[in-house]
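Colleague: Chains as they are written, first to last, in the numbering used here: chain S, 4 to 212; chain H, 89 to 246.
Just to be clear, a hint being listed does not mean it is correct.
As the list claims (entries may be wrong) - When the alpha-carbon atoms are kept at most 25 Å apart in a straight line, the in silico SDA-like pairs for lysine to any residue are as follows:
#1 Lys190/S x Phe68/S
#2 Lys137/S x His77/S
#3 Lys221/H x Pro101/S
#4 Lys221/H x Asp105/S
#5 Lys72/S x Pro112/S
#6 Lys148/S x Leu186/S
#7 Lys75/S x Ala125/S
#8 Lys221/H x Arg8/S
#9 Lys221/H x Lys137/S
#10 Lys72/S x Pro143/S
#11 Lys190/S x Thr176/S
#12 Lys221/H x Gly193/H
Just so you know, the hints here were simulated from the structure itself, not pulled from any lab data.
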Amino acid sequence: MGRLRSILIWLALLAAMLVPIVAAAQSPLLAWREPIYIVAGFAGILALAILLVQPLLAAGLLPDFTLAKARKLHLFMGITLVASVLLHVGGLWITSPPDVIDALTFTSPTPFSVWGVIAMWAVFAAAMLAALRKRIGLRPMTWRKIHTLLAAITVLGTAAHAMLIEGTMETVTKAALCCVVVLITAKVIFDAKIWQPRRRVARGNRSQS
Amino acid sequence: MMSLITRRTLIAASAATAVTGLTVPARAAGLAPTPSMRGGSNNYLPGAPIVDRIGDGGFWMTGTVRRAGDGAPLAGQRIQIWAHTTEGHEREPESHGATLTDENGEYRLEMPQIVPAFGQPHGHLAYDSGEFKTVFLRPIMPSASDTTLAAHFVLEPA
């Protein structure tokens, strides 16, 4: 029974990530786009999909994965996420430089680009914080709070960005993925209880259990 | 604390006045000139040729050109148009074309169907002929399935 449950959870996760990507691949808009623009768009969709698995890995909520193994995959997915964002922005830059310059300087006429750029800087900051974790010597709980806050900004910014765009993503699968990503992120942050004031978590009490 | 709030409110109020002042110039009366839109000039290629139609057509860009102040229609004004369409990206020269307004200050140019790009189905238009101040517009289609889009210019002398 446990085995079946674990398989079902993994399948559901894969479906939640892949169905929106497959749906976007059916978009009629693709016929009128250059390859680099298509790659840039799908890099963005992949980044959104990765945001679903990141909180689950960080909290060690996925079956058959020890927390250590989950955190290792969290790091790998984090690197993939940053690479996807770079490909997304770089590909859009090649497609239409003035539109990307407007977005990066917060002078774009499109409201969604503001959210995208905020999410981009938040995910870069979260990744930098992870890369420099040992060097900057923050207290573990302080580090965790900042990293979590940046992750939350990334998720909310990305969801708003995606929802406001009229692009290749199919609207129902896009809305569903955004909802699930926001809800799971909120649940993981809430359960982690890292912002509960003046209440020491007892030693040995692991929040991920 | 109270004085801080008051000051902030004052700053916000004066900023709002400044913004309004930009969009509605201190003109005694009459029609205000159209301000350029954000991103309107993106991928502009100056000097688009006057054409009967851009590409294979199927979509209509329409609008009017009037003079600021009295609102008189302006005939013979060159309006340049470009967009991401079913036939090409905004940056391609083939996606650009221009047309002239008629005696009623109206223009219409057939072009390929505009498709959503960079998140919105939108077109770009320019008045950039020198006699009046340059204006760049970036109208958005209410629906991507629309087959027409209107954009109106009110120009002030350069």
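Colleague: Compare the structure with each hint and give your call.
Modeller: Verification of the supplied hints:
Straight-line distance between C-alpha atoms of Lys190/S and Phe68/S comes to about 19 Å, which keeps the hinted pair within the 25 Å bound. For the suggested pair Lys137/S and His77/S, the alpha carbons sit about 17 Å apart, so the restraint of at most 25 Å is met. Only pairs whose Cα atoms come within 25 Å are accepted, and Lys221/H paired with Pro101/S is accepted, the gap being roughly 22 Å. A C-alpha spacing of about 23 Å is found between Lys221/H and Asp105/S, which places the hinted pair at or below 25 Å, so the restraint holds.
For the hint linking Lys72/S to Pro112/S, the alpha-carbon distance of about 43 Å lies beyond 25 Å, and the restraint is violated. Pair hint Lys148/S plus Leu186/S holds up; C-alpha atoms about 19 Å apart against a cutoff of 25 Å. As the CA atoms of Lys75/S and Ala125/S are separated by approximately 21 Å, the hinted pair is consistent with the 25 Å bound. Between Lys221/H and Arg8/S the CA atoms are separated by roughly 68 Å; this puts the pair beyond 25 Å, and the hint is violated.
Only pairs whose Cα atoms come within 25 Å are accepted, and Lys221/H paired with Lys137/S is rejected, the gap being roughly 58 Å. Between Lys72/S and Pro143/S, the direct Cα distance comes to roughly 19 Å. Compliance with the 25 Å bound is thereby established for this hinted pair. Using a Cα cut-off of 25 Å, the hinted pair Lys190/S and Thr176/S holds, with the two alpha carbons roughly 21 Å apart. Of the pairs offered as hints, the one joining Lys221/H and Gly193/H holds, with about 17 Å between alpha carbons and a cut-off of 25 Å not exceeded.
Of the numbered hints given earlier, the model fails hints 5, 8 and 9; all others are met.
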